[in-house]
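Order-wise, the sequence lines are chains A and B. Numbering-wise, the working numbering puts 40 at position 27 of the first sequence, and it's gapless, one number per residue. Numbering-wise, the working numbering puts 345 at position 332 of the second sequence, and it's gapless, one number per residue.
Hints were generated in silico from the structure; no laboratory data involved. Some clues are possibly wrong.
[What the hints assert, rightly or not] Okay, the calculated beta carbon distance ranges per label pair:
1. A:Arg351 / B:Val453: 26 to 36 Å
2. A:Arg351 / B:Gln76: 43 to 53 Å
3. B:Gly236 / A:Arg234: 46 to 56 Å
4. A:Gln76 / B:Phe219: 49 to 59 Å
5. B:Pro52 / A:Gly390: 52 to 62 Å
6. B:Gly335 / A:Arg351: 24 to 34 Å
Each residue gets a CB set at the ideal place from its N, CA and C atoms; glycine is no exception.
2 protein chains.
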Amino acid sequence: MNQPDVLREVVAVNLGLPMFATALSDQGARVAEVDWQPPAGGDPTVIAQLTRLWGAHGDRVAQANADAVARIEAAAPRAIDVARAGEVIEALREDRVLLHSGPPIAWERVCDPQRRALVAAAVFEGWADDREAAARMLADGSIVLEPGNEHGHVGPMTGVCSPSMAVWVVADEASGTVAYSTLNEGPGDTLWFGVGGDEAVERLRFLSQQLGPTLSQLIRREGPIDVFGLVAQGLSMGDELHMRSQATGNLLLRDLAGGLAAAGAEQEARFLAGNHHFFLTLTMAAAKCASLAAVGVEGSSVVTVMSRNGTDMGVQLAGLPGEWFVAPAAQVQDALLRDGYTAADAARDIGDSAIIECVGIGGMALAAAPIVAAFFGGDAAAALASTERMGEICVTESERFRLVNKGGAGTPVGIDARLVAELSITPQITTGVLHGSNGVGQIGAGVAHQPVEPFRAAVAALAGRLDEGS
Amino acid sequence: MNQPDVLREVVAVNLGLPMFATALSDQGARVAEVDWQPPAGGDPTVIAQLTRLWGAHGDRVAQANADAVARIEAAAPRAIDVARAGEVIEALREDRVLLHSGPPIAWERVCDPQRRALVAAAVFEGWADDREAAARMLADGSIVLEPGNEHGHVGPMTGVCSPSMAVWVVADEASGTVAYSTLNEGPGDTLWFGVGGDEAVERLRFLSQQLGPTLSQLIRREGPIDVFGLVAQGLSMGDELHMRSQATGNLLLRDLAGGLAAAGAEQEARFLAGNHHFFLTLTMAAAKCASLAAVGVEGSSVVTVMSRNGTDMGVQLAGLPGEWFVAPAAQVQDALLRDGYTAADAARDIGDSAIIECVGIGGMALAAAPIVAAFFGGDAAAALASTERMGEICVTESERFRLVNKGGAGTPVGIDARLVAELSITPQITTGVLHGSNGVGQIGAGVAHQPVEPFRAAVAALAGRLDEGS
């Protein structure tokens with residue numbers, strides 16, 4: 014909208030600290046305030062690196078980023094099977110390897126809920142007779158820890174995957190990328206929430222021995238699942254696909270209903286119907302598959318991994334494949350916790366699920382899901398503002414993921430680490446909150462503001478790499 | 014928002030016809046235009062009736078309307094069975110009776126698509142060997158026509174119901190009201206779209222002999238379906254529940270998935286999954302059930318029936334039970350038609366589905382479904398504006414149906430015929446468009462602006478009734 018009359022009457026423009034504006038307006042002047050902060054928190058080293066990445070290397074990075082985003086957008090990840098993890102993930106063919114969420118970590122630094130999940134996975138595999146023995150094997154290295162992200166696997170929250178677990182196999186035919194994620198365990202006492210009791214292990218058996226094989230048969234019979242096709246529909250049904258994917262999950266269940274009935278698979282149908290988060294790990298595997306298509310685009314500052322293990326948070330860039338940039342994981346902010354719990358009880362931010370934000374959904378698409386904003390006390394306008402803020406750190410808007418609440422505009426896609434470092438705006442991840450020590454599992458939900466340091470470190474490394482090459 | 018500067022500079026305020034404003038602004042003056050129209054189109058008789066209904070009878074009508082809306086809002090319609098229509102609808106126990114949408118009508122005036130559906134229903138029942146014989150029986154009165162609304166039945170579009178068809182049985186335990194609607198036939202060649210060929214009749218056999226009994230078993234096994242509970246969720250998933258109810262239908266399918274699998278009901282599951290409008294008639298039966306709870310509240314100007322048969326449109330008020338107020342059915346406006354068809358091909362507005370708007374959803378809740386507005390070229394703001402406009406003719410906002418896109422506000426509920434008559438704002442019904450003569454069925458979709466005359470006639474009758482009593 015035009016506001017010529019207002020602009021003509023402005024006598025001062027204030028950048029940054031509001032106290033100056035207040036002083037002026039107290040004297041009767043009309044002041045336009047601009048929310049300005051010094052770039053990169055005023056750090057001269059980072060400013061110098063950013064200056065090169067926008068200046069001397071600017072064209073090259075821009076081209077590389079356009080290429081990286083085009084690869085992400087072109088990927089059409091389809092679930093082509095549900096399989097035993099040990100049969101499809103190379104690293105799990107070795108004996109006694111467990112995958113976990115987040116960057117690499119030694120057992121000593123693993124947070125409490127992830128420890129409980131790893132121990133339970135070892136018991137589930139039959140590697141140890143009891144949990145004490147399992148913990149000893151993890152401590153002495155006879156069970157090996159590997160970050161899932163280094164093996165095409167992404168897991169929610171504690172993100173543990175062991176060879177006998179059932180995983181979605183999601184592939185992009187054109188680029189040849191493949192990614193995996195465990196079948197979501199659902200609510201209650203489960204490994205993803207850091208609960209490792211007998212009930213959680215029993216559910217893993219149902220998933221691996223019953224639901225997994227049934228889903229595998231269904232996919233063979235009904236054809237592969239076009240994950241992002243369902244996601245695009247779900248975005249117009251109140252889902253942003255990270256905190257909330259139940260409409261999208263119901264679209265999948267609709268597609269599977271005939272096959273489930275034909276198979277007489279009552280227990281499987283009831284499990285799918287009773288798990289609001291069932292679609293989550295399918296979205297994650299598809300997002301990982303699409304992100305992998307961008308890995309290795311030289312010079313690109315597009316983020317291809319954002320991942321947390323409850324101790325550290327790590328980032329990777331398309332232009333620096335395999336290199337982790339790490340800082341301490343965030344405390345979850347603005348959390349709504351169950352009665353009887355306080356912020357002091359909460360584990361730090363955890364899970365591989367932020368891969369979702371790397372492809373333009375989840376926190377990027379909050380405008381699609383005002384009910385998620387409402388959960389945290391916001392409204393539709395707040396949800397829209399959140400998406401617009403995320404647009405400030407992204408390369409472009411998605412062609413395939415569109416927001417009916419934003420006039421059909423595409424979601425922001427392609428997080429540019431330069432913009433994150435410069436603006437100090439980090440991706441916001443709405444996420445569950447786990448108990449930090451007592452093993453009760455999820456105690457709430459909140460917003461994890463990712464640390465800016467890994468993005469700044471990644472920018473520094475990319476500037477160095479490009480300086481060498483020029 | 015405050016606009017003090019603007020208001021201070023206004024030198025003239027223009028009410029009504031814009032030509033005066035244009036004349037002033039051409040002379041350089043700033044003019045604030047107000048979209049004003051004389052009440053009731055300036056009709057002195059209607060103005061006099063309205064004056065009594067807001068004045069002398071105002072308190073009584075207000076109390077009655079509050080009571081009527083409270084009854085609508087308190088109703089908790091649940092699908093308790095799917096049954097053979099002839100077993101549950103008294104009028105269909107008689108031989109050779111057919112129900113149809115809209116107000117009462119003689120065969121001679123029945124529109125082409127409804128004729129085709131009635132003829133096909135007679136063939137389906139085996140009352141006639143061929144369509145010509147069936148048409149003769151309808152013409153000579155050996156098959157009797159009854160408006161569904163007079164027997165607790167509401168049907169979409171042509172709205173035909175015959176004794177052997179399967180109907181949802183939806184009941185409100187507290188008020189004791191019960192309503193019925195046929196199982197939705199889905200897309201393609203079907204009676205509801207005015208297509209009466211052999212394929213359409215064959216589908217009726219599947220619905221009555223296979224899907225109906227299976228759904229009846231499922232309800233017995235899984236329990237009654239809380240229709241408005243699902244609707245309330247669906248409103249946060251992009252459905253307004255008239256043009257679009259697929260998210261809500263998927264919620265139902267999710268609830269039924271286990272039972273369908275247990276029954277091995279593959280064909281039924283595939284039919285439900287393939288019919289985006291499956292939930293429509295469940296919403297309609299529930300809306301009729303809730304509206305019936307308000308029928309007979311003396312003095313109430315709340316609309317309890319809005320219904321069209323492609324020839325006439327009819328209205329009933331809570332305070333004048335059983336009395337029809339009728340005018341010619343509207344031509345559907347702003348229609349998007351399939352290639353090769355023009356407005357001249359279109360049948361007039363048809364169907365009982367506007368019962369949905371009587372309980373605060375459908376057109377009342379367009380803000381929930383910006384994608385429906387987008388279908389007609391609008392956006393989220395247009396959808397919100399539409400709901401706000403409907404709020405001008407309603408008694409209050411719903412406590413149970415809430416709009417996350419409107420800050421959690423309730424949908425407008427309880428259409429007050431006084432407000433419709435006074436403001437000349439009639440409910441907008443987004444609806445399908447049928448071919449008017451050649452039997453091809455649906456040729457598009459559009460918006461039916463309901464005629465104001467039946468609302469004015471109803472207001473006149475209510476004023477007369479209250480004058481007598483006072």
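So, going through the hints one by one against the coordinates:
1. A:Arg351 / B:Val453: 26 to 36 Å: Because 58 Å falls outside the window, the suggested range is violated.
2. A:Arg351 / B:Gln76: 43 to 53 Å: Check passed, 44 Å falls within 43 to 53 Å.
3. B:Gly236 / A:Arg234: 46 to 56 Å: Since Gly236 of chain B and Arg234 of chain A have Cβ atoms about 30 Å apart, the given range 46 to 56 Å is violated.
4. A:Gln76 / B:Phe219: 49 to 59 Å: Given about 58 Å between the Cβ atoms, the range holds.
5. B:Pro52 / A:Gly390: 52 to 62 Å: Taking Cβ atoms as reference, Pro52 of chain B and Gly390 of chain A lie about 42 Å apart, which means the hint is violated.
6. B:Gly335 / A:Arg351: 24 to 34 Å: Given range 24 to 34 Å: violated, Cβ gap about 54 Å.
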